[in-house]
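Just so we're aligned, residue 1 is where the sequence shown starts under my numbering, counting upward by one.
Heads up, some of the hints might be wrong.
[Said to hold, decoys possible] Subject to a maximum C-alpha distance of 27 Å in a straight line, what follows is the list of computed DSSO-like cross-link-like pairs (lysine-lysine):
1. Lys-207 x Lys-239
2. Lys-207 x Lys-295
3. Lys-237 x Lys-295
4. Lys-228 x Lys-295
5. Lys-256 x Lys-207
6. Lys-239 x Lys-295
7. Lys-81 x Lys-97
8. Lys-63 x Lys-81
9. Lys-81 x Lys-140
10. Lys-47 x Lys-57
11. Lys-237 x Lys-207
12. Lys-97 x Lys-47
13. Lys-228 x Lys-256
Don't read these hints as lab results, they were simulated from the structure.
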Amino acid sequence: MRRFGLDISDSVIRLAVIERHGKDFRLPVRGEIPLSDGAVVDGTIMKPTEVIDLLKKLVMAAKPRTRHAIVTLPERHSFVKVITLPSGSEASEAGVKAAVLPHLPYAWEEMSYDWRLLPPVPGQPGTRIMFGGAPLTIVKSYLDVLHAANIEAVSMEIESVAIARAMLPPNAQGAHIILDLGRTRTSLILVSDGVVEFSTTIRYAGKELNQYIADALHLTLEQAQRAKELFGLDPTKGKGLLANVLAPQLDVLAEKIESIQEYYRSRFPTEAPISSILLTGSGALIRHLDLELSKRLHEPVTPQPAWIIRRVSDDPADIHDIGYTYTTALGLALQPFFSPQ
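Take the sequences, apply the hints, and build the full model.
Dropping the structure here:
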């Protein structure tokens, strides 16, 4: 069954279709359409009529040749956690509920949820499961607009899981931190041996940075965006003004990454250290962002496009644009070909 990945963010809707022919992949369909400010806020659909109308327009323009979609669930409202059931415990709903209940940000009866068994870890007793969930109200609001737009959600997936699938090739080993820097939020995702162990969302994002630059340097938002594109965090550009202005925000981001590193070390004290810190999303290519983060963390931070983009295109423009901005949509579109991460 043909399906398309559908990513509804706060600022834009993107879709992608990936086809597999033997060992080869193709990206025959992709498309995006911007949302007005306030249509979706922190993952909550505030203007359903607009979202429905834009979904119809996007599908009509992109022509995915199917109404079946794999749809992202917004990271801000989702919960994903790897938990270990005691040895001898059955992975039943009652057993999973008892184990996960102390960690839930929502009441059990108010959540839509799912879980799957994970491979055992040598030396670690018990049964590992990956649990994911989101509030029923959020899930229903997304299903309602999809239904009104004549789109059938054959699967809904937490954003961090889709991003991990897009960023790390199948059977990737080791631990990695992925930073998805978007226009309205940044997600930090810890992945160990292909499994999302932890994710969080912070306000370090393109829109907030533009406002911060505008306030500090008395610029319009348009001028702030242009300055960010031209100078970034390069201390040799624009007299280093932006590098100085954004230094406190960068310090906060580095501290968040360090806290995830510490979480990993405490949870997996005998495992190898984190293998890589990867940047994706529309903000990943801000000039010198990787270098400034590397300086603060004392280890490499690398901008990296979704791995699949190099399999479907050798155009540098595609790798630079689609490889970073379509990460979630590509991860969703890859779901039929690979087991859930």
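Violations among the numbered hints: Failing hints, ascending: 8, 12.
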